[in-house]
Amino acid sequence: MRKATARRRTAILTRRKSCTLAEIVRRFGGELIGKGGVRINQVAALESAQAGHITFLSQPQYLPQLAGTRASAVIVAPETRNATRLPRIVSDNPHAYFAKVSGFFNPPPPIKGGVHRSAVVDRTARIPASASVGPCAVVGKNVRIGPRAAIGPGCSIGDGVTIGEETRLHANVTVYHDCRIGARCLVHSGAVIGADGFGLASEKGVWKKIPQIGRVMIGNDVEIGANTTIDRGALDDTTIEDGVKLDNQIQIGHNVRIGAHTAIAACVGIAGSTKIGEHCAIGGAAMISGHITIADHVTVSGGTVIMKSLHQPGIYTGVFPAALHQNWLKNASHLRRLDELADKIRDLEHRLLAPERGQS
Amino acid sequence: MRKATARRRTAILTRRKSCTLAEIVRRFGGELIGKGGVRINQVAALESAQAGHITFLSQPQYLPQLAGTRASAVIVAPETRNATRLPRIVSDNPHAYFAKVSGFFNPPPPIKGGVHRSAVVDRTARIPASASVGPCAVVGKNVRIGPRAAIGPGCSIGDGVTIGEETRLHANVTVYHDCRIGARCLVHSGAVIGADGFGLASEKGVWKKIPQIGRVMIGNDVEIGANTTIDRGALDDTTIEDGVKLDNQIQIGHNVRIGAHTAIAACVGIAGSTKIGEHCAIGGAAMISGHITIADHVTVSGGTVIMKSLHQPGIYTGVFPAALHQNWLKNASHLRRLDELADKIRDLEHRLLAPERGQS
Amino acid sequence: MRKATARRRTAILTRRKSCTLAEIVRRFGGELIGKGGVRINQVAALESAQAGHITFLSQPQYLPQLAGTRASAVIVAPETRNATRLPRIVSDNPHAYFAKVSGFFNPPPPIKGGVHRSAVVDRTARIPASASVGPCAVVGKNVRIGPRAAIGPGCSIGDGVTIGEETRLHANVTVYHDCRIGARCLVHSGAVIGADGFGLASEKGVWKKIPQIGRVMIGNDVEIGANTTIDRGALDDTTIEDGVKLDNQIQIGHNVRIGAHTAIAACVGIAGSTKIGEHCAIGGAAMISGHITIADHVTVSGGTVIMKSLHQPGIYTGVFPAALHQNWLKNASHLRRLDELADKIRDLEHRLLAPERGQS
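Chains as they are written, first to last, in this note's numbering: chain A, 1 to 360; chain B, 1 to 360; chain C, 1 to 360.
Honestly, the hints are just simulated from the structure, not real lab data. Among the hints, erroneous ones may be present.
Copies of the same chain are indistinguishable here, so a pair counts whether it falls within one copy or spans any two.
Claimed, not checked - With a Cα cut of at most 27 Å, we get these calculated DSS-like pairs of lysine-lysine:
hint: 1; residue 1: Lys330; residue 2: Lys17
hint: 2; residue 1: Lys112; residue 2: Lys141
hint: 3; residue 1: Lys209; residue 2: Lys141
hint: 4; residue 1: Lys275; residue 2: Lys204
hint: 5; residue 1: Lys204; residue 2: Lys100
hint: 6; residue 1: Lys100; residue 2: Lys208
hint: 7; residue 1: Lys100; residue 2: Lys35
hint: 8; residue 1: Lys275; residue 2: Lys209
hint: 9; residue 1: Lys17; residue 2: Lys209
hint: 10; residue 1: Lys330; residue 2: Lys344
hint: 11; residue 1: Lys209; residue 2: Lys100
hint: 12; residue 1: Lys17; residue 2: Lys208
Starting from the given sequences, assemble the full structure and let the hints guide the process.
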């Protein structure tokens, strides 16, 4: 039995797509150097590549690994065009080129349209024959699913949700009522889209809930990582524009707007009503306060807390440097008294400079 | 077909609750100024409000938006009673007043009692006819669900769990065995209540698991955000008191106690055995160490790490200020050598003041 | 009815395992002091213990609680052997001893083999009769489940996944295709194993997805907390070695390797391609940058950001000390200008020391 399975798997692998280096260049451009006839069937990292693989060099620091690679071909930048004798493709952007080649060899699995018999789909939901709804998924009233979209096992899709064409939800994603997800999005497991924002009013020490009646509106080509949460708006909507890429365990508060083509690394929190510009890059575990505005093309370093609006592009950082614990103890204790230290410096300056002034 | 759906939806919308401003004042109090007969059918933000909407002004900084609002009425504070000519309600607490009015126009959807045919409910579970169990939910042995409670699609309710009346669990919530959730709570998708605390003992470099035999005990009127996790106690229980409000992606370790009416923003972590007082406010992404005590009425700013007990009310902050990266690099490098700088200052003081002493 | 249930439950409780203190010593070693015949049926904390319970004292700071305990017996260290007159066991490692005794009284619930009728299991999956698959779980193609393993309700197990013997997945865990989990692991609810890493290439301001074709490989005796996410490798695999313990809401990026017997507290983020050594301890909410290496036996304090490789064992810390907000405001404002302060100190030194040099 085992052997049979192994043989069948090998058969699947050998049926895998394969093409020549020259065909890759014809398809994706770039300059071919060396034997164009070499056959390629997969991408790989410099160090683990084997015969039949194509790899890439994006940064000169990996030149030593390039020297030892067993790949059959490599994608390089113009400045490293002569760094190897392997058959190679020269591209202005080896990383993006590699992404395309990898996408060619590793397309997402095809979607077989159809609703699994164990799924629970309201009769008012509109699901085209080309879309799939996985086992134990639940689809509410008036939901509209686009062509070739896929709802994974165990997903819960609330009433009135719209999901665009070719969008894929992995297993156990939850989308609350009336939210919209655009086309060609990818949503990973455990993501929760459209839960209530944290809207409370205090009255005599007791918190009153403010109903969250906005929605979440997600554009096209957005990726949302595992266990990321995007809250619905309090009154207006929370908006994620086209091409935004969100990593895992990100929290996006109500009424936030994320501008197009911004990428946000894991564990970032963005508090309510903050507007983030387009083409921003937010590092992992950065925390961004509510009710602020961040300009286009801002980069925030990982672990940085942003408490005020950033109106200019640039790289912003605020991280306490880690040190051996005993050194940190000393530095932190001085930091606690930094105001005193500054006073002392002022006092010293005064004492030292006052007599000079007196003498003049 | 589309038009028919749109027409039906509009019909639903127009059947929405509507009342006069005077009726709102009769129901919720406050002082009516202007035409009491104006009809209101929804709440809205200052900027996006339309005819038929009531909005509110809680802070003077939004006065410019008040000037341009198209709302039919507005809730204002005594000090801004004359800031508009719109029909208005004067309230000492416009935010809380607005919360109540919004709750009136946007009540939670009614619960239709009944267990969905796809749910898997142990025959020993007690579920009143007024409670609902959604599709693909799983309910264990000896579970007790209160009247008018709702268990969402895909939820997993472990053996021996008790859930109080009118409590709602959204889709894909997990509650481990023997935990208790009080009445009128709201639990958002992906929340996990009662997973094992992180209890380990080290023996010769290998970690031994300590069984986590406590429970999670949650009071009444508690809200728990999406993907928040609350661990069961190691030996005794983890306790969340009445009226606590927890945002998304909060982690609460074993044996933590959160005092009544404390609100905690998203991404906060609270390590094991810490006790947090009543009426506290913990800002987003704050991190609170284990085995400490925080007094009542403490506010912790977002992004702050609390490593010691806080015995006095007040606002506590500890955030490295963000700056342009090149400035941060300089400041951080000095911070690493702050002990040296302090030594230099002491030395300078000594040099400068010693002669004076010598001269006296 | 209620009374009948209560009586039945009590019956279950009284049928609970019970043994003498001497039997515990025979089983787990240690030195017995006092009456070995005292019957023990459960473990408890010092303060909440009752008759029939055994408790432990690991740190001298809890001596006051020891004085008041109502436990029937206690586990102590050699240096506190005479700190109580209760029947006791002296052990070099009371905490680990307690863990074993607790494990004896509180074994994990037995697994009843069998696939629930509501589970959806592909016919190519291999599930031994001793393993269990819970209600509404979904198991894909060519999955292999080990003997006595348990897949909880609502779990989603992707195609080609392997799960080792006696491994337990609580409810609503998601494992993506082709990942492997070893033997005797414990995975808590909401964990997501094998979602795509955050692999993107930028081309003309638009992000291109890089297919994530590696897997997640998890060793034996690993515990994974609730809502923790472990991304699959981009090209090679993400690896969690034997005996690693991960708390809740941890994010592990693609191609990370965590060395054996490392423990990581909640809310930690580890960015892609970082290698963490064996026997490390990472405190809660620590954030570790990508592409770095951390040596064996490193301890990182909670809330610390590690941006560079750590090649030496030791305790590393970097936390901005919390203070009352008004004090923080002052210190933070000086910190922003620390470079200026350092300049002033240099200037003062120069002024003060230059004349001396001049005079010499």
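Unmet hints by their number, sorted upward, for this structure: Failing hint: just 1.
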